[in-house]
Amino acid sequence: MLARYVVRRILQLIPVLVLVSLAVFLLVRVIPGDPVLVMMGIDQDERARITPEQYRVLQHQIGLDRPIYVQYLNWADKIVHGDFGLSLATRRPIVEIIFERYPATLYLAATALLVGLAIAIPAGVIAAVKQNTKIDYAAMGFALWGVAMPDFWLALMLIVLFSLKLGWLPSIGYASPFDNAGLFLQHACLPAIVMGTELAAPLTRYVRAEMLDQLRQDYVRTAWAKGLPSRMVIVKHALRNSLIAAVTVVGLQTARLLGGATIIETIFSWPGVGRLLIDGIYQRDYPIVQGAVLLIAVTYVFINLIVDIFYKWLDPRIKLE
Amino acid sequence: MSQETLTPAVLTVTEKGVSTSRFVDALRVIARNRLALLGLFIVSVGIFAAILAPWISTHDPYEINIAGRLQAPSAQHWLGTDFLGRDTYSRIVFGARTAFIIAAGAVFLGALFGVPLGAIAGFRGRWIDSTIMRFMDAIMAFPGRLLAIALVASAGGGFTSLFIALGLGAIPSNARIVRSAVLAQKEREYVEAARMSGESDFGILFLQVLPNCLSPLLVRLSLEFAHAILAESSLSFLGLGLPPPTPSWGLMLKEVTPFLQLQPLAAFFPGLTISLIILGFNLLGDGLRDIFDPRQYER
Amino acid sequence: MDAPLLEVKNLTIRFHLQRGVLSAVQNVSFSLRAGETLGIVGETGCGKTVTSLSILRLIPCPPGNIAGGEILFHGEDLLKKSEREIEKIRGRKISMIFQEPMTSLNPSLTVGEQISECYRVHMGHSGKVAREFTEHALSLVQLPSPQTVAGRYPHELSGGMRQRVMIAMALACQPEILIADEPTTALDVTIQAQILELLKELQTKMKMALIFISHNLGVVARLCDRIGVMYAGSLVELSDKKSLFTHPLHPYTQALLNAIPRPDLRDETLKAIPGSVCNLFDPPPGCKFHPRCAKAKELCKTEMPRLEAKSGENLAACYFPGA
Chain S
1 MLARYVVRRI LQLIPVLVLV SLAVFLLVRV IPGDPVLVMM GIDQDERARI TPEQYRVLQH
61 QIGLDRPIYV QYLNWADKIV HGDFGLSLAT RRPIVEIIFE RYPATLYLAA TALLVGLAIA
121 IPAGVIAAVK QNTKIDYAAM GFALWGVAMP DFWLALMLIV LFSLKLGWLP SIGYASPFDN
181 AGLFLQHACL PAIVMGTELA APLTRYVRAE MLDQLRQDYV RTAWAKGLPS RMVIVKHALR
241 NSLIAAVTVV GLQTARLLGG ATIIETIFSW PGVGRLLIDG IYQRDYPIVQ GAVLLIAVTY
301 VFINLIVDIF YKWLDPRIKL E
Chain H
1 MSQETLTPAV LTVTEKGVST SRFVDALRVI ARNRLALLGL FIVSVGIFAA ILAPWISTHD
61 PYEINIAGRL QAPSAQHWLG TDFLGRDTYS RIVFGARTAF IIAAGAVFLG ALFGVPLGAI
121 AGFRGRWIDS TIMRFMDAIM AFPGRLLAIA LVASAGGGFT SLFIALGLGA IPSNARIVRS
181 AVLAQKEREY VEAARMSGES DFGILFLQVL PNCLSPLLVR LSLEFAHAIL AESSLSFLGL
241 GLPPPTPSWG LMLKEVTPFL QLQPLAAFFP GLTISLIILG FNLLGDGLRD IFDPRQYER
Chain P
1 MDAPLLEVKN LTIRFHLQRG VLSAVQNVSF SLRAGETLGI VGETGCGKTV TSLSILRLIP
61 CPPGNIAGGE ILFHGEDLLK KSEREIEKIR GRKISMIFQE PMTSLNPSLT VGEQISECYR
121 VHMGHSGKVA REFTEHALSL VQLPSPQTVA GRYPHELSGG MRQRVMIAMA LACQPEILIA
181 DEPTTALDVT IQAQILELLK ELQTKMKMAL IFISHNLGVV ARLCDRIGVM YAGSLVELSD
241 KKSLFTHPLH PYTQALLNAI PRPDLRDETL KAIPGSVCNL FDPPPGCKFH PRCAKAKELC
301 KTEMPRLEAK SGENLAACYF PGA
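Protein chains in written order, with my numbering: chain S, 1 to 321; chain H, 1 to 299; chain P, 1 to 323.
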């Protein structure tokens, strides 16, 4: 049953992935100016330097002389075979550059996810259990403010406090967690807190609402009536069911996490795909931009797929259908 | 022995479960609405600041004074000055104009395309529905900011491309909301009645069905507004949004970032403003949801 | 007779709600001897569920408030016990089963897990031993192939099976008292009969006392030795089964009996009770039944009658009891 669901979900992905790739392909075409020059990274005013002969050669090289759907199919075919083209700035294959950067993005996102869950779950549970107390109001205040606060501002304020004033943590730099875990944590600390807050704020609210709902359920009353200690009633019975529902929200929030990574990686000079994207834009290195955007979007699509499957697997009621 | 004979019309509140939750619910709605009032207040202040910017600002937002750069707040410069000695307070006030114009434009564009698309998808169903919704899925496959960044990267900065980039991102959520509202409405009797009386599909959809879908949309638009303001400031912060010297909150933050060590307050106030305005719109949206749909206050 | 196992004295429970203060239970007193079966009947909202929940201290406070009274179990006041102490009584000495077997079981845990945790928490058994006990408990409630059932989730079982699971869970630690709050109301009539039969059988086997709560006099009559009748938060009559059916003391009990279809009587004699239950936010002075009572006198409108012995051991709260 689960297998059938997985297959159906994967089949549904295909049109979405095709459209996503089409969008990424067209991205470069909407850039104002001559696509040939854009793709070659030549400014409009330098146009005069190129002879019409050279121009036609370039046009043919990139394949821009063919109909647009042929161009797309050629491009998509190359992508599927792992050929993203060459970076305009460094002339290196884009696949190489991107996958060099990809782990850093994933490590940071995973750390941020852990930070977010470590904040949101206890905060949401305690707020629900102590509903309408000061603790509850504090947690809700955090949730509302955390959603409202721009992440890049939070990042700057944390840098001011922890790097510039207190000097506890570095504001830039990176080390792989497998080479030097301690150094990685030092560098990942601030960006992970910022991104973790992004995730935790809405999640706290959701966990609290779910918990309030579950605590009112009959089966929780049964658990109390059985004489289970309160920690067991709350964690094993109520929280378990709340978290099943929260899984989908975590999935949606990873979108914010991945989207947010572009800005946060840039601020903290984190060598991930997000920063690669922004640098690519600054340098007008469009093949890099295409590759990075495509990779982030596809990552997000697959994370959602995994979350959906995980959710099905977790909830025994749905498993049956 | 039937239940009815033993249970005549009774006051049903007495049983524990019902009374408890009703009590709590009622309290929560009141508390929420108080927050909604706060949200409305913040948003109103923001709108008034945007409209009255020339009159309530203390300085010319473009006036450069290198000698008085990166000052702390003082009687002369209420919120200090930026890296070119421009008055932060005045730039924030004018920044409200920028933020609200772009957000309004983006929200308008999102609704202009999202509402009809969602309505048609919901009303027509079948292949039209699945085609439209697959396109929406594809747009939504770009996580949050990424879509706006990618679009602005290719279309360039400036007002028009910001409208488009942010508006496009708002289309799918509008379409989804309207679609599900239309789906819920279209089976109701009044639609059948209108059809009997010979009204065209188009007439039914736009004159009968859509007005009944307004409340979830209104909630959505309020949250969308907050989202657009955040997105604009993000893009401007990255230097992909509005060009300097436009007074934009995100751009203000970007400009003073290199001087964090010298004057952190110059970065503090613009960010605080963004947070407050977004908080205001979010509270307002939550409040509207409570009022329109008291059953769903928590989600 | 030895000392009662459970004694509820002058229990008063209020709910502080937005609309005002609701007196859910007022001055309720009754006692329960070991092995005895006590039925409590009344309409929805009469306070019978609140009373039973308060014995296990399961009333959420706030908004609930146990304003007065004592609940003595083996002579010790349960209301004065700490949360820790009451946890050791819940499910161990006093158990409870509820009306809705579907929602009363945790949807995301197997029923075996939900039963075996009782053994682990109260008896300190290891997981393996607890599993064996669980299977035994499931066979005790006559579920076929207990091993398979233990691995099932609640939604995979039928309503009757779920209620059997609830019973197995409640009886896991062989409690001295079982409180059953409308355990058969949500079930089909045939299943109802089976569950009642099972309860009765297990009660005799385990020698435990049973408090059976229902709005259905007929069901209560099948199980109980003594029956208490509640009206608008008060216990208005407490009699042994036979006297209650033959010589009801309180006018409300009489009205209830008249409302039950009986094979020996013609349909025309079925009488609904005139009027409706009083507003519990603002109950009338005096006897709360007086606006609906044919025998009400001036005294009934001013003084609240106390629950007193009126005929032998049978108690009623009425100035003019009897037929």
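Honestly, the hints are just simulated from the structure, not real lab data.
Since the structure is predicted, the reported quantities are computational estimates derived from the model, not experimental observations.
Hints may contain errors.
[Claimed, not checked] Taking lysine to aspartate or glutamate and the DMTMM-like style, the derived pairs with C-alpha atoms no more than 20 angstroms apart in a straight line are:
1. LYS80/P to GLU100/P
2. LYS312/S to GLU156/P
3. LYS207/P to GLU156/P
4. LYS236/S to GLU83/P
5. LYS9/P to ASP77/P
6. LYS200/P to GLU156/P
7. LYS128/P to GLU83/P
8. LYS130/S to GLU308/P
9. LYS241/P to GLU308/P
10. LYS9/P to GLU201/P
11. LYS297/P to GLU313/P
12. LYS236/S to GLU113/P
[Claimed, not checked] Derived coverage of chain H by chain S (criterion: at least 3 residues anywhere in the stretch with Cβ under 8 angstroms from a Cβ of chain S; other residues may be distant):
13. 54-68
14. 222-235
Cβ coordinates follow ideal geometry from the N, Cα and C atoms, glycine included.
Quick rundown of the hints versus the structure:
no., hint, result
1, LYS80/P to GLU100/P, "violated, 30 angstroms"
2, LYS312/S to GLU156/P, "holds, 16 angstroms"
3, LYS207/P to GLU156/P, "violated, 32 angstroms"
4, LYS236/S to GLU83/P, "holds, 19 angstroms"
5, LYS9/P to ASP77/P, "holds, 10 angstroms"
6, LYS200/P to GLU156/P, "violated, 26 angstroms"
7, LYS128/P to GLU83/P, "violated, 29 angstroms"
8, LYS130/S to GLU308/P, "violated, 43 angstroms"
9, LYS241/P to GLU308/P, "holds, 17 angstroms"
10, LYS9/P to GLU201/P, "violated, 30 angstroms"
11, LYS297/P to GLU313/P, "violated, 26 angstroms"
12, LYS236/S to GLU113/P, "holds, 11 angstroms"
13, 54-68, "violated (count 0)"
14, 222-235, "holds (count 4)"
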